[in-house]
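Undergrad: Protein chains in written order, with UniProt numbering: chain A, 1 to 754; chain B, 1 to 754.
Mixed in with the good hints there might be a few duds.
The list makes no distinction among identical chains, and a pair is therefore deemed to hold if it is satisfied within one copy or across any two copies.
[As the list claims (entries may be wrong)] Cross-link-like lysine to aspartate or glutamate pairs, in silico, EDC-like; alpha carbons within 20 Å at most:
(1) K751 / D436
(2) K628 / E480
(3) K435 / E748
(4) K651 / D639
(5) K435 / E749
(6) K362 / D381
(7) K227 / E616
(8) K623 / E594
(9) K751 / D422
(10) K435 / E162
(11) K154 / D656
(12) K372 / D343
(13) K154 / E168
(14) K346 / E286
(15) K628 / E594
(16) K435 / E168
(17) K435 / D740
Note that these hints are calculated values from the structure, not bench results.
There are 2 protein chains.
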Amino acid sequence: MMLLLMKYALCVHLIYSDIVQRSREELKAIREPNPGLKPTLAIIQVIEEILRLNADSRVHGIFLHLPQSFLSKSVCNAIKPQKDVDGLNIQHFLFCNSPLDAPLVGKMAVLLGLEGPLKATLQFLLQNNGMMVQTHQWSSKHFDIEISRAQTPKPISQLAQEIGLLPEELEAYGNTKAKVHLSLLNRLQHQPNGKYVLVAGITPTPLGEGKSTVTIGLVQALSAHLKLNSFACLRQPSQGPTFGVKGYMDNNNYHNNISRYHRYIHAITAANNLVAAAIDARILHEATQSDRALYSRLVPSVNGVRCFSPIQMARLQHLGINKSDPSGLTPEEVRAFVRLDLDPEKVTWQRVVDTNDRFLRKITVGQANTEKGHARQTQFDIAVASEIMAILALTDGLADMRARLGLMVVGSSRNGQSITADDLGVTGALAVLMKDAIKPTLMQTLEGTPVFVHAGPFANIAHGNSSVLADKLALKLVGEEGYVVTEAGFGADIGMEKFFNIKCRTSGLRPDVVVLVATVRALKMHGGGPNVTAGVPLPKEYINENLQLVADGCSNLKKQIQIAHLFGVSVVVALNVFKTDTQAEIDMVCRIAEASGASAAVQCHHWSRGGRGSVELAHAVKKVASQKNHFQFLYNLQDSIVEKIRTIAQKVYGADDIELSPEAQAKIDHYNQQGFGALPICMAKTHLSLSHMPEKKGVPTGFILPIRDIRASIGAGFIYPLVGTMSTMPGLPTRPCFYDIDLDPVTEEIKGLF
Amino acid sequence: MMLLLMKYALCVHLIYSDIVQRSREELKAIREPNPGLKPTLAIIQVIEEILRLNADSRVHGIFLHLPQSFLSKSVCNAIKPQKDVDGLNIQHFLFCNSPLDAPLVGKMAVLLGLEGPLKATLQFLLQNNGMMVQTHQWSSKHFDIEISRAQTPKPISQLAQEIGLLPEELEAYGNTKAKVHLSLLNRLQHQPNGKYVLVAGITPTPLGEGKSTVTIGLVQALSAHLKLNSFACLRQPSQGPTFGVKGYMDNNNYHNNISRYHRYIHAITAANNLVAAAIDARILHEATQSDRALYSRLVPSVNGVRCFSPIQMARLQHLGINKSDPSGLTPEEVRAFVRLDLDPEKVTWQRVVDTNDRFLRKITVGQANTEKGHARQTQFDIAVASEIMAILALTDGLADMRARLGLMVVGSSRNGQSITADDLGVTGALAVLMKDAIKPTLMQTLEGTPVFVHAGPFANIAHGNSSVLADKLALKLVGEEGYVVTEAGFGADIGMEKFFNIKCRTSGLRPDVVVLVATVRALKMHGGGPNVTAGVPLPKEYINENLQLVADGCSNLKKQIQIAHLFGVSVVVALNVFKTDTQAEIDMVCRIAEASGASAAVQCHHWSRGGRGSVELAHAVKKVASQKNHFQFLYNLQDSIVEKIRTIAQKVYGADDIELSPEAQAKIDHYNQQGFGALPICMAKTHLSLSHMPEKKGVPTGFILPIRDIRASIGAGFIYPLVGTMSTMPGLPTRPCFYDIDLDPVTEEIKGLF
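All chains, please: the whole structure from these sequences, using the hints.
TA: Here it is in structure tokens:
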């Protein structure tokens, strides 16, 4: 029966799409939310076809997607009374959020009818000038865990259909991935957002404490077990480390099919390196040409006509030159226009590569004869460290992204002016390169729950959160009763603080609850346990019960709970249980967590049981998210840069004060002078301690936080103080994990990657 | 009617796909070309469904795709007599190539029935144990040129269906691109190949003479006008130049939707740079650790057990150490195993980036303190110059690609041994990175003709041809009467010579005809016209009629025709007509071409008229391709390296002799000693002259070809002598074309790219 249902379902789709092809004008008319509009020929044809199919005794169901259509209160009432059929209550699938007397709103229409009075309903709809039915609960197919292990994901088109996406909003990439168009935000603009859940962690061991797996386990439990629409929004992992040091997501069977998607990074690498090439080429061309030669090349005569390109006009305006005729500039104006006069010593833009390539940490470029002696020292960063990745994560659309790309500061001129991508003339090309990357990628967990994977900025020199756009899309798709779960990189003192102060400030979204992930392992470390090192077997303290270490280590947990409370958000502690944890240890953590102010503290067994292992967490999250919270930022943007840094250092890290290096102080003066003083702060601090000293576990006190230097990502929109040295290029160890990776040329199976 | 036809067509598809999901085992049985096999449940279900649909009076047609099935002579005879319906002759769509009395062959079945006696036929097929109908002519929908200009390409799934691909052989990437699985080669292994057409050119001006546009125009004419199945196989353009110097494909309106696909290059960049990072990290680790420390890290104890990974076992065997227990190696064996002992001065592997970044032409890496003084000078190449790109273009499948990747020589040890990717242990990871890149990308021309875009190796340091795999797939898909048109980079003296001696030798495929592209512009240059420079207006000689220059310049055309004849292949000259060309000039070229041995010489107007402008060329190609040719290689692989180089220099370029630098001679000795002497030769010579001197136009004589140096791409499988200096990294000019590129944030339209 399902076969036939699907078959005819898709028939209707196709008919509609074809009509769309043939009558764009008609369709455009339908799409306009015009109250006076009558159903057009296209709509009538579709409905007639549906009625024909309904009359066919072999048709057992119709699953219809239509773009924006018509909805009135009376229509909704007419549909609601429909009866259960085959155990499915039709009311579950219908939802009307149109205000009374506003019969036509621009929304998606999804109608799932099962036998019954479909014909009458459709005729009623037609008579009432249209139809609009919004899915309330997704009719998702959840895989049983046994099926999940067999790793046969749903076709991505099916998943998309389940969660209410229109075919034209989807671009499939293979059978299990698809990009989602941002037009969805417009279509669902009147849809209320779902609940917004942030997964953060206590200060971790170098092995990580499983925030991503908690995220996945939670959405699986919410979806399959609590029957709530749920979406996970995750960062895209960097490719470099995949072949370097093992660890990332490697002990987790439950979502490895979502962790192999690296395409954005290609676009980011291309865009980042185009800027870098443009910088050095420009320095060379300016150094070797007269003003006049530069001008005649920058504004060439094409078929006898010289004119400025739009981006050159923008530069002229920026320079205060209000002329549009290239022949009208004075020699001084020509000079100002053609010479960015970038100081090679003050270029801050770095090249990037998506490989762990330690030999690129410091390099000299431009040593070939063709570069005429303009060699200079610079470096490559790992691709995810690019400011463009941070922009991708923070932007809310193409226009905003383009503007941010243009604002990126790449260095200073010899007289101290900031030089931007706009000045280089490269903004439009960057926007073109990033055009597809801005669309979040839809994937699924092994249990068939939808996931957006989008952007993955560094958690140290950037803010370490997945994209604003993915969260916004997901919050609309899940609907008012649904849940979007996203995670923040590193410990809560870094990732969560940046999530609130940077990401939420930018997006305007407000979190409903924080899930704070802890492990007995990390707590024991904070309680004084021996060092935990990647690649080395765990000391016995971590394998055997040790209640004292756990009790002492809960100081870190308590502090991180308090940090969330600074922002007015309630906390559910999720204890990610390992097989070596004893019941007494587990109970102790939950008890202390609740005594420390957590609204709930529950154990999670998603590692061994998938979504079923996170049901208790899901219930706790649902309960706490439904309570009112009083979200607030930690600082005002108008506070001085120093004040903002000090606030974070004292209130979040527990420092007594901060200490600025002369270099840092000079940068602050420069940024204030350039007008960048009102940006939020993105601390670049170790994640292995609340302090700047990685070896200080638990809750360090009595320290002064040293600010070594300060940098700025003007396009992304934050200032980042450097606390200590941040590596932006990992290296390969003696035995990189690529030794274990292989491809079976016959089955195409990948071995050794996870 | 078409709407309904499509609708039900896809219905049948879906049913079949679902059955496939449910009964993989049954399907596997069907796929085996087992003569004794009876139709299984799955096939019967499908046929029953078809019969049900046929009984439905609303069904006007069925378009059925089935994987390998059954065919007998009697079945074919039963189908053939069917009558015309609605102007379409059913015989056009049916083709039987099964030998008599071999009723079951492994082929795709496509049946297009239109009303009529479909039911009886299907019942007959069922009674005869199956059905097998091979499309003879694709039922492709060709766009009229007016529609083409509106730029609404067919959905890629529709194109795939038209050319006989099964849904499971396709991975859609967006709506207009899809990767095609290599399993197709296996399914169609008994299908005869189509005709194989190579488009090459005379020695070009720096502006290029339009080989790509001739290729597209030709397949469009063959498809839409001669009604022959046709496929174009093109190289993937590099992204770097797109934002640098304008020119590439920029004057061609007819296929710009196939020229924006850069994904392979990402995989190649990642793979190439992983090798580079592994090399430098290995040198560092070897330099800073004892044999014992290296060994304990390379073969670590995991849960108390030490063992070699498979790729380490391969290295042991390569070293002649037949042991598998890590504790059993002698200290000398450990030393041999752990130390590649790469000589930093003799690392030949370069990093790559897909940006025109001139400052990376010569760089010093490893200058950070963490690299402990192991700085060395190296360079970045543009990504398409990577040996991995050449491998992608020459491989015939995953196993072969994996083997080639492992064979890549990255440098020499201090005692002169070649060190490979296998020695670095990185081969498996490279294969994983390249796993998706090996699948050719299906796209379409603006007239709806299928195109494979796959691989784009440099035409100087590599062989400059698109992939063997795309050609092989296309030759099967077009069928025996169909045409596959591919192009060779640069002039025929380079691109065509390499196409024959390297690509055809590797693939085993044989060309049926060469299309030699000429322009009046290039011929005038060869006849003594002034310099032609990109970005500078053409001198008047090129705009006004000048028969003398044309007549003189035809010497180059004649020579290139003779080069093709050296290989025993016939030539059709295609004169790519520009609006400034006069009829007298055009007639002169065609007359001289035919007098010089071309089988035909025709004018092409695809630039202004699309496929319709190439109909004459299509007829000429069809005629010449049907004649027998006597293809032969120019040299034997067993000839010495020097002999092979001399043969190309004398017979193709017209040199008196070659002259080896001492460096080149030393390399030849080294390669012979390492066992690389029997590889084909890939000359790295300027494309702007038949000689090594770009300014020598026409047919230079009396010169000695200097061989400055010799390099080797062992994985790709060729030796490349350097004639002069080859730039492997373009630069950005003062005004890169990114100044004109922009994205409309609302319409998402790209401006200024073409």
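Undergrad: Now tell me if each hint is right for this structure.
TA: Hint check:
Only between protomers do K751 and D436 lie at most 20 Å apart by alpha-carbon distance; the minimum there is 15 Å, versus 30 Å within a single protomer. Taking CA atoms no more than 20 Å apart as the test, K628 paired with E480 passes inside one copy only; the shortest distance there is 15 Å, against 72 Å between copies. When the C-alpha separation of K435 and E748 is checked against a cutoff of 20 Å, the pair qualifies only between copies, where the shortest distance is 8 Å, while the shortest distance within a copy is 31 Å. Taking identical chains as interchangeable, the C-alpha atoms of K651 and D639 lie at most 20 Å apart only when both belong to the same chain, with a minimum of 15 Å there against 78 Å between chains.
Proximity of K435 and E749 under a CA criterion of 20 Å is satisfied inter-copy only: 10 Å between copies versus 32 Å inside one chain copy. In the homo-oligomer, the alpha carbons of K362 and D381 lie at most 20 Å apart both inside one protomer (10 Å) and across protomers (19 Å), since each shortest distance falls under that limit. Taking the shortest Cα distances, K227 and E616 sit within 20 Å of each other inside one copy (14 Å), while across copies they are farther apart (65 Å). For the homomeric pair K623 and E594, the shortest alpha-carbon distance inside one copy (15 Å) is at most 20 Å, but the shortest distance between copies (86 Å) is not.
For the identical chains of this complex, K751 and D422 are inter-copy neighbours only, at 17 Å across copies versus 45 Å inside a copy, given an alpha-carbon limit of 20 Å. Taking CA atoms no more than 20 Å apart as the test, K435 paired with E162 passes in neither setting, with 27 Å inside one copy and 30 Å between copies. Within a single copy, K154 and D656 get their C-alpha atoms no closer than 53 Å, and across copies no closer than 66 Å, so neither meets the 20 Å cut-off. Proximity of K372 and D343 under a CA criterion of 20 Å is satisfied intra-copy only: 17 Å inside one chain copy versus 29 Å between copies.
Taking the closest pair of Cα atoms, K154 and E168 come within 20 Å of each other both inside a single copy (19 Å) and across two copies (14 Å). Proximity of K346 and E286 under a CA criterion of 20 Å is satisfied intra-copy only: 16 Å inside one chain copy versus 36 Å between copies. Taking the shortest alpha-carbon separations for K628 and E594, only the intra-copy value of 19 Å comes in at or below 20 Å, while the best inter-copy value is 87 Å. In this assembly of identical chains, the alpha carbons of K435 and E168 lie at most 20 Å apart only when taken from the same copy (17 Å versus 29 Å across copies).
In this homomeric assembly, K435 and D740 come within 20 Å of each other (Cα to Cα) only across copies, at 16 Å, whereas the closest approach inside a single copy is 36 Å.
Hints 10 and 11 from the earlier list are contradicted by this structure; the remaining hints agree with it.
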